[in-house]
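Participant: Chains as they are written, first to last, in my numbering: chain A, 1 to 299; chain B, 300 to 609; chain C, 610 to 1043.
Keep in mind that the hints are not guaranteed to be accurate.
[Stated by the list, open to error] Covered stretches of chain C, going by a simulated chain A footprint (3 or more residues, C-beta under 8 Å): (1) 668–681; (2) 691–704.
[Stated by the list, open to error] Cβ-Cβ distance ranges computed for the label pairs, FRET-style: (3) 362/B - 1027/C: 18 to 28 Å; (4) 453/B - 824/C: 51 to 61 Å; (5) 362/B - 1014/C: 23 to 33 Å; (6) 822/C - 362/B: 23 to 33 Å; (7) 62/A - 769/C: 18 to 28 Å; (8) 508/B - 66/A: 40 to 50 Å; (9) 363/B - 62/A: 40 to 50 Å; (10) 37/A - 1014/C: 54 to 64 Å; (11) 374/B - 73/A: 49 to 59 Å; (12) 59/A - 517/B: 51 to 61 Å; (13) 824/C - 362/B: 17 to 27 Å; (14) 37/A - 775/C: 51 to 61 Å; (15) 380/B - 766/C: 49 to 59 Å.
Think of the hints as simulated: they come from the structure by calculation, not from any bench. Keep in mind that this is a model prediction, so the values were computed, not measured. For glycine and all other residues, C-beta sits at the position ideal for the given N, C-alpha and C.
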Amino acid sequence: MSTATAPRPVRQRRLATGRPRPASRRTAMLPTVALLLGALYCLVPVAWVLVASTKSSSELFSTFTFVPGTGLLENLGDLFAYGDGQYLRWVWNSVIFAGVGAVACTLVSTMAGYALAKYDFPGRKAAFYAILGGVLLPGITLAVPQYLLMSTIGLAGTYWSVLLPCLISPFGIFLARVYAGSAVPTDTMEAARIDGANDARVFTSVALPMMVPGMVTVFLLQFVSIWNNFLLPFIMLSDERMYPLTVGLYTLLSKGSGTPSLYSLAIIGAAVAIVPLVAMMLVLQRYWRLDLISGGLKG
Amino acid sequence: MATALDTRPARRTRRRWVAPWLFLLPAALLFVTFLAIPVCYALYLSFRGMRVSGGGPFGVRSETWVGLDNYATAFTDPEFLAGFGRLAIYGIIAVPLTLGLALTFALLLDLPRVAGARFSRTAIFVPYAVPGVVATLLWGFLYLPSTSPGSWVAARLGIGAPDVLHGAMLYPSVANIAIWSGVGFNMIILYTSLRGIPAEVYEAARLDGANEWDIAYRVKIPLVGPALVLTGLFALIGTLQVYGEPTTLRPMTSAISQTWVPLMTIYRDAFTRDDLSLAAAASVALALGTLVVSVVLLRVTQKRSFGEVS
Amino acid sequence: MRHPVRTAASVAAVALTLAACSSGGDDAGAGATDEGPITLDYWAWGTAQQPMVDAWNAAHPDVQVKRTDAGGGTDSSAKLVTATRAENAPDVAIVEYNTLPAMIVAGVATDISEHVDGLDSEFAPGVWNQVTFDGATYGVPQDAGPQALTYNKKRFDELGIEVPTTWEEFADAAEKVHEADPDAYLTTYAPAEFGGFAGYAQQAGSEWWSVDGDAWTVDFDDEASVAVADYWEDLVDRDLVLAEPLLTPEWNAQLNKGDILSWPAGLWAAGVLYGVAEESAGDWAMAPLPQWTEGDSSVGFQGGSAVVVTTSAEHPEAAAEFARWMGTSDEAAAAQIEQGQYPASLSGQELTLESDPPLLMPEQEDYWEIAARITQDTIPEISWGPDVNVASSAFQDAMSKAVTNGTPFRDALTRTEDEVVADMEKSGFDVTQK
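Okay, chain A solo, but in the shape it has when bound (with noise of 0.2 Å):
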């Protein structure tokens, strides 16, 4: 950060978006240095997981960390044996969760946000703030109370005691009345009203286009944060075939006396499953509108 004391000329910067620089121009050397140091930073582990699933159980204690192993094949055919096939059903837990949840709450966030932000109407304030409420209070104190509450109503244990608490999101609904508020014009709402659509309609034609972008958001946040969860499966399921990759893996790590734990396993599962997850941010990583976040909040 010091390093950029040199005088620069004054038209270097475009527009506010600062688009790739022309590469005649000299690189700034100490600001590269720090992010490739930061970049290595986060990478080491993730390299160290893609190797270490390559080596043999006795490679992994034997051979120099960095240094790939012969048994890549054989820990994968391991792990899709493991329990007849079991990895893949958490795999597939995983996938419904999240994307199922993630979908679900998009829609219940989206459609409460545009309403916050859209109407006036009596207890506006007091839902806002319940909402406001619910962002700041730490969503796992509220695991134990939520496990009762599913055994009351008979669901603890099956897919439902997972998936419904994921679908309401305070920030998913803050960050949607954030992004309805900015994105969609009152005016066009009301053109839409005096050629007779209803709220309904004006919703969905008019509204939800236009939040489009804002709702992949919170998609990606709430896909990430449920593939994420850890102690709220944790808690409600005692199937192991009903467990997401995060609670499976915890499992094969700690098996409990009299049993050893299946490191070897875990490695190549923790390296099979990060992938995909990698790629698709990646991927939609273009997509994101996360100065919805930051950028929407300046008040």
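Got chain A; can you put chains B and C on it based on the hints?
Facilitator: Same frame as chain A, now just chains B and C:
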């Protein structure tokens, strides 16, 4: 923001009253069912307790009203309180470093003439896609002497490698996992926020003879202030909820107890010790603490982050 | 929130709809009728279970069992308690002996005395005692874990170490091993191994919980336990044994390298070690646990489990019959032996004598004979208290702290006792601290 919330005088007052509530209905139902009711239930439960009712050495226990017993137990449990102390040490390491690194990287990315910025940005963001349990697994192996690259090199050089899973090194080791997972996401938020600043602001500063350092310090950082407050708030809430990382690391070191952080104590009480009421009381206390911390933080920063309803 | 009535009604409606939709398989047992076959839900962990369940299902078309792996001992028992409270517990479950009292108090395990009349003769008294409380039987023993010394015979021979028969010899051997090979340790003192320590202390004559009528006496820091704590503290202080958690990648690596030479633990240790050090199979052997007093032969238990019928069971009689079969049938015992478990029943133990030694020590011909002899010498009177879960978690934390901070191990026992007594008093038990 205020403009976005403009609402025209409603012509069809009644309809505009019903429609928003219909839009809000699914969210409201879910909110009440999965947030409001559990909160109330936790509150109720925190005043209850399991007590032996029948006679005999193996009398079965049943639930009764115990008043503030659970709160008293929670707040006189030295281990629960010590957990907050450990949490504080962990938080003092993790929160500033996560935010500091995220801000530094965001500012660096925003500088002109940085090579490979796209690659670095993407790489730093990658850990966000790695679940906490998996992140802990990866770092755990990098910490363990038999698989750590550091120990391998140290052994070849004939020197001892530091034991990062015991003693004072434990805190930075656990915090590092959170930092690793959190930097990328926060960096992207701050970076997008930086890119949202109109170029004219910089042009003006540059015309005044400001260098990039001045611009970063005097212009950019104040302008991303609201985003910083928000990321800071989330980092803080995240810290109070630390659970997964130390729990997953626990089998690898005896230095992490079952009560290492408050949430681990809550989990232990609820599930290992079957004392849901005590866990509920501790949860209520933790949730209230989080709310207080959040509100204070927002007050201090003058509510710049969450827009008020007009 | 402005419309509490409407909201409450909607919540109820949602709940009902969801309940109707939930086709999750957690309550399969509820669907049984008089005409159709009964289905029992069974929670059990470990590799031996599925083959046993398959054998049962093949032989009993009318009572089909569906097994679920709900995690290892600690996770599984925690989930049993919460599931019981939520009224969706399975019909039958595996419970470790030392958590059985807690399961009774929590209302998980049900009294099956009437269904298992005369079963006591199938088990050694020490084993049967583990499932009988206050005259009532709460489970059928399935596997037994008398403590023994599993050791790396090849490394013992290389370093010229005799198999120790007393703990004093064991300490000498630890010294000798570390002298001969500074990287090697005779064994590991894992601070989190509550069950292991409990076994050593029982062998020394401790009695942590005792009950007289309705009155409990708790004494974790009795003379015998303190002596055991001091013994291990001395070895750890002199760096003669490792003080690390077991079965970490680190530990496994050292074991494979031959740097950890023995493990005094339940008989199931052979199966566990084979899982992590398959390549060193054949190097190992098993011997009786060293004794505190020369010439003694008593040992304690570590681990082992029983099949219990839960209070949620809809068909307790069928469930008890299944439990009985799992504990005493030859088919079940054979499946256990194959997976390295030691059956709890006398007939099962007899069956082992015709079996091959475990995979870890294929050349030790007398393995099962020694095992049978050890089992006969297990201490018959061991009583676990109603809050072993509290004791275990308190012990693990206190002992880990003692090891990490270098404070006296015996203080960890006192700390554990304080927590156990406080918990029992809070729950309303009549308890005296000694």
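Participant: Please go over all the hints and tell whether each is borne out by the structure.
Facilitator: Do the hints match the structure? See the list:
Check result for the stretch 668–681 of chain C against chain A: holds, 5 residues qualifying (beta carbon to beta carbon below 8 Å, three or more required). Taking a C-beta to C-beta cut-off of 8 Å, the stretch 691–704 of chain C contributes 6 residues in contact with chain A, enough for the three needed, and the coverage statement holds. Look at residue 362/B against residue 1027/C: about 25 Å separates their beta carbons, and that is inside 18 to 28 Å. Between residue 453/B and residue 824/C the beta carbons are some 58 Å apart, a value that agrees with the proposed interval 51 to 61 Å.
Checked against the hint of 23 to 33 Å, the C-beta distance between residue 362/B and residue 1014/C comes to roughly 38 Å, which is inconsistent with it. Hint check: residue 822/C to residue 362/B, Cβ distance near 26 Å, so the stated range 23 to 33 Å holds. For residue 62/A and residue 769/C, the Cβ-Cβ distance of about 27 Å falls inside the hinted range of 18 to 28 Å, so the restraint holds. Between residue 508/B and residue 66/A, the C-beta spacing of about 48 Å keeps the proposed range 40 to 50 Å intact.
Taking 40 to 50 Å as the suggested C-beta distance range, the pair residue 363/B and residue 62/A does not conform, at roughly 59 Å. For residue 37/A and residue 1014/C, the hinted distance range of 54 to 64 Å is not satisfied, since their beta carbons lie about 36 Å from each other. Distance hint check for residue 374/B and residue 73/A: the Cβ-Cβ separation is about 56 Å, which falls inside the suggested range of 49 to 59 Å. Our hint of 51 to 61 Å for residue 59/A and residue 517/B holds, since their Cβ atoms are close to 54 Å apart.
In this structure, residue 824/C and residue 362/B meet the distance hint of 17 to 27 Å, their C-beta atoms being roughly 24 Å apart. Judged by the Cβ atoms, the range 51 to 61 Å given for residue 37/A and residue 775/C holds: they are separated by roughly 58 Å. Taking the beta carbon of each, residue 380/B and residue 766/C are about 53 Å apart, inside 49 to 59 Å as hinted.
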